[in-house]
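Dock chain to chain to rebuild the complex, using the hints, since each chain is given by itself in its own frame.
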Amino acid sequence: MNWEIANKNFYRQGTRAFLNVLVTALSIISLIFMLSLLNGFQAQATRNLAITDVGGGHYRAPGFDILSPTEWEDHTLQVPEQLMQLPNKNKAEVLVQQGQLYPNRRLYPVQIRGISMDQSLLSLPLDNLKKFNEKIEDFIPGVIGVKMAKKAHLKKDDILTLKWRDKSGAVDARDILIVDVADMVNPRVDDGVVWMRLDHLQSMTDRKGEVSWVAVRNYVGPLDNFLFQSPEILMADLLALFRHDRKNSKVLWSILMILVCMSIFNTQVLNIFKRQKEIGTLMALGMDSKRIVKIFTLEGTLAAIWALVVATFLGVPFFIWFQGIGFDVSHLSQATFPIRETIYPAYEPLEIFYSLTIVFVLVVGAAWLPVKKITGLDPTLALRGRAIK
Amino acid sequence: MKLRDMDNNLIVLNQVSKEFRVGEENFTALNDVSLEIEGGAFMSFVGPSGSGKTTLLNLIGGLDVPTTGNIYFKGSNLSSMSRHQMASYRRENIGFIFQTYNLLPVYSVYENVLFPLLMNGFKEKDVRGRVMDIVAKVGLSDQSKKRPSQLSGGQCQRVAIARALVKDPLIILADEPTANLDSENSLQILELMLDLNRQYKAAVVFSTHDEKVYKYVRRVVKLEDGKIFSDKNNLNKVS
Numbered sequence: 001m002n003w004e005i006a007n008k009n010f011y012r013q014g015t016r017a018f019l020n021v022l023v024t025a026l027s028i029i030s031l032i033f034m035l036s037l038l039n040g041f042q043a044q045a046t047r048n049l050a051i052t053d054v055g056g057g058h059y060r061a062p063g064f065d066i067l068s069p070t071e072w073e074d075h076t077l078q079v080p081e082q083l084m085q086l087p088n089k090n091k092a093e094v095l096v097q098q099g100q101l102y103p104n105r106r107l108y109p110v111q112i113r114g115i116s117m118d119q120s121l122l123s124l125p126l127d128n129l130k131k132f133n134e135k136i137e138d139f140i141p142g143v144i145g146v147k148m149a150k151k152a153h154l155k156k157d158d159i160l161t162l163k164w165r166d167k168s169g170a171v172d173a174r175d176i177l178i179v180d181v182a183d184m185v186n187p188r189v190d191d192g193v194v195w196m197r198l199d200h201l202q203s204m205t206d207r208k209g210e211v212s213w214v215a216v217r218n219y220v221g222p223l224d225n226f227l228f229q230s231p232e233i234l235m236a237d238l239l240a241l242f243r244h245d246r247k248n249s250k251v252l253w254s255i256l257m258i259l260v261c262m263s264i265f266n267t268q269v270l271n272i273f274k275r276q277k278e279i280g281t282l283m284a285l286g287m288d289s290k291r292i293v294k295i296f297t298l299e300g301t302l303a304a305i306w307a308l309v310v311a312t313f314l315g316v317p318f319f320i321w322f323q324g325i326g327f328d329v330s331h332l333s334q335a336t337f338p339i340r341e342t343i344y345p346a347y348e349p350l351e352i353f354y355s356l357t358i359v360f361v362l363v364v365g366a367a368w369l370p371v372k373k374i375t376g377l378d379p380t381l382a383l384r385g386r387a388i389k
Numbered sequence: 001m002k003l004r005d006m007d008n009n010l011i012v013l014n015q016v017s018k019e020f021r022v023g024e025e026n027f028t029a030l031n032d033v034s035l036e037i038e039g040g041a042f043m044s045f046v047g048p049s050g051s052g053k054t055t056l057l058n059l060i061g062g063l064d065v066p067t068t069g070n071i072y073f074k075g076s077n078l079s080s081m082s083r084h085q086m087a088s089y090r091r092e093n094i095g096f097i098f099q100t101y102n103l104l105p106v107y108s109v110y111e112n113v114l115f116p117l118l119m120n121g122f123k124e125k126d127v128r129g130r131v132m133d134i135v136a137k138v139g140l141s142d143q144s145k146k147r148p149s150q151l152s153g154g155q156c157q158r159v160a161i162a163r164a165l166v167k168d169p170l171i172i173l174a175d176e177p178t179a180n181l182d183s184e185n186s187l188q189i190l191e192l193m194l195d196l197n198r199q200y201k202a203a204v205v206f207s208t209h210d211e212k213v214y215k216y217v218r219r220v221v222k223l224e225d226g227k228i229f230s231d232k233n234n235l236n237k238v239s
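Quick mapping for you: the protein sequence lines, in order, are chains C and R.
Each residue of the first sequence is one higher than the one before, starting from 1 at the first, in our numbering.
Each residue of the second sequence is one higher than the one before, starting from 1 at the first, in our numbering.
For reference, chain R alone in the conformation it holds in the complex (with noise of 0.2 Å):
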């Protein structure tokens, strides 16, 4: 599968363009984008509402296919993959955090944030110690046992993160994680974020249009009806 040397990015797209049907009509939602994404990175998808922000974190998450184009994970060309080998590489490879949390209300936040492990044929008790040092570092200790709707939205976030990065990622795809969030919350979890990424060397990729994570990212690519209007290095961030 291995169709070219992609050196040292993780993800290159080329080209890719995805189409929906709405109704009769179609609709694009991503015209034509190029773009590559290295190792470590901790960048933002800004744009309005409706400029494909979600669709190519999607794409380069195995959770779509584009209409047109090609994706490459380290080379690897995601369009040709199976459902079963596009499962396999969102286990593997990446991490999703979206806007509502999506944990699942049954498991506790320990629970949770093993499940990623236990899917990838971890025994729990070989993994305890890693899910409670990563439930630490996002500040849960205290609330390890406790389920989803017993949590405040930040915590529920914190637990979205956790799980996101306990498999040890090489990309986190975060969709509008601060969208429901207060600003205190917000900056908390843009904090925690920047620092696992400095820890973990996962790169991080947002969607956004919260301009507080403009300040965190390293990079900005700003979406316009589904092309990218500009892909430039952020001088502006915090860290």
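If we strip away everything but chain C, and leave its shape as in the complex, we get (with noise of 0.2 Å):
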């Protein structure tokens, strides 16, 4: 009988109840879609980082280190066997050597980076030093990224003095010509960064089969010289940044919880508060205390479970057409993140089970808990509607 009565007190609310399952249903969906959408942010800084330069490794020539310069050109080392046979799809090298432009006559410290023009493990928009010949001609074909150009002023067609040291430390300098302005995703690979054909890096300081590290698909095993580094090394800031943004994440999500949690609870206890009479007159029929706490602990139930109905048929279909055009974040892709102008969720389906049992709990409790409350006072105050206030 007390599932009937519930049902019946459910369903006859009409507008008030449906209202309520809506504003639950909104907030389940806004806080997935929330979360989400900072899952994804995370996963794609992450994917990107690894397709534009980390790879699945490095194996780096001993001693190398990316925060250390003027250390870069006592560290290359010709490209081990092993490496060698790798397939270009598994494999790209990359030699890293310092540089200084002279965009408008003024002087821009660069990282030269040149890299195989075969490779395909990388993906770097570099498809326009494809055209040149492995010989040098008239000007050193580089090209930059688009944050590059805009801090020295750069722009496609420019042409510039550059300027480095070879293997035997003397100093060598040449015109550059800007080949193309490119959009480089990962900041890494963009900022304060030329990339030119591996050969011409090669030939100009003069370590023909030399490189810095050479990027592999997957871990071939520990070679002689060359040392290992994991993905997990080489974005080691990025992740550590990212734990500690998991800290902050769950900072936000405790705080999208707290928030959805608020509504959900003030929908409830609104819709309570606004029955309190009807609870008195059925304390004063003489349903007992435990049975009305029942009903209304089974309406709350209703009320949770028709929420995740209605936020499973408004929000699948919404979370699989925002999958489809992602979300623009282009005013990020200026700063430090390596994320492309649009972000598209991830779904962790461990995280919406969590936020979706919270979700259920509360609305049951928010239920229970006013109904309880109210029902322990006299039933006078619950006719007067002055039990909660």
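Simulated from the structure, these hints should not be mistaken for laboratory data.
Each residue gets a CB set at the ideal place from its N, CA and C atoms; glycine is no exception.
Among the clues, some could well be false.
Just some of the chain R residues that point at chain C, by a computed CB distance under 8 Å [unchecked claim]:
1) N58
2) D64
3) G69
4) M81
5) R83
6) H84
7) A87
8) S88
9) E92
10) F96
11) N102
12) F115
13) L118
Have a look at this one:
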């Protein structure tokens, strides 16, 4: 009978019940949406860093440290046999040297990165370099990223002087032609970086066959003279940021949950508040307090179930649609995160499960708690609508 | 729980006082009230606002408990009952009629009247006829499928009366039942209650300051400042 009464009470409330359900469903959708955007943001940043720079790890010349430019020249080695044998889709040979650009007669220290043109492991927009021969002709062809171009006030087809030192320490300089200004996505391979063909850089620095590192798809075991650095090591700064961000995201998740909880609790309590007299009437008619609590809790359960159903019906098409169009964060791509103009939500089943469980428990709890309180008081207070204020 | 023989009295109040906390101070709503209500009574508590009429009804109805003193229902002391027992007492013996009707808003007239029977463990199919009979007695047969929001004030009060009567209670407590009704509806309601009191033999106790009620009741208990000012049989009653 309790279930029957709860059913009747719930369904016959009509618009009020529908609005309660809708508010809860929309809260669930917004919660999942915001969490999945945050996940998507982090997943995309990690993925982009991997596909533009890190790959599945680097075999690096021992002592090479990207943060010590003055030592880059001292840490280059011939590509070992085992890595040379890897197919181009599984490796990317990179030589890193320091240099100076002179845009508008200003000195601009740069990281010159030479990359093999045959590689297809890293996804870099360097197609314009492929048009050139192995031999450098009038100008050294180079590609820079959008950020770099903006900072150095450069554009496509600009010609400017590039200075570097060769293997023997001799300073050399030549004109470089900016053959493309490309969207690099990852600021790490854009800001202060000039990309060129590996063979050109090797020839410029007299380091034929030498590289600073070889990015690989998978670890191929220990190699003489080269040290493997895993993606975790190479992305340590970003991962540390994300770990910190995870803590922040937990805080954010908690804040979101609190907001959602407050919204749901408010709706539910308001609903109960409006029905105080009804509760008082049930008490006056002789209904046992426990039974009243049961009936209202069942109503809350119904509301929670319907909220989940409505959230599924409204949310799933929305999430599918949104997965297709993504979320414009072009303002962030100018910042230091390796993300594209659009981020796409990433849905974490466990996170969704926890969120839904909490919302469900909350809706039921929000129905249970005030009624429990009301029925614990004198029925006269409920009848006068003064049990909860 | 039976402490003493109460003769034919249904309710006995013995030196009952009730205090409420209002802010920092105590407000005495009832002060040392003693009275008896016999079975089948048709009586009224009258008095100005704040005299303690509603408090007295609430205490008799088991909606509240006295601060001091005892209330006996057929010899059982209400003050010693648990909340659960008090709920059973209300469910089985008391019918309430409120000034604001207090009907269950999502239920139809029929369902509102049926509700107390379902709470008392009856199955709908067994009591359908009884419910329809009482709905007919209060003149709402053709409105039985309507919800309270579709009824007038007078009709709502009739539903409340039917709901109070349907479980055949020993006492009906009516708190200002005519306060929200116009004169014509008030008289109709009073006639109806008097008629039902004769038929069903339930004691009917009003709290009111409506003079129209005075003419109908057989006994008038006047209250002032929480005390019984007078307790007289009404010689000028209509019937």
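Hints the structure fails to honour: 3, 4
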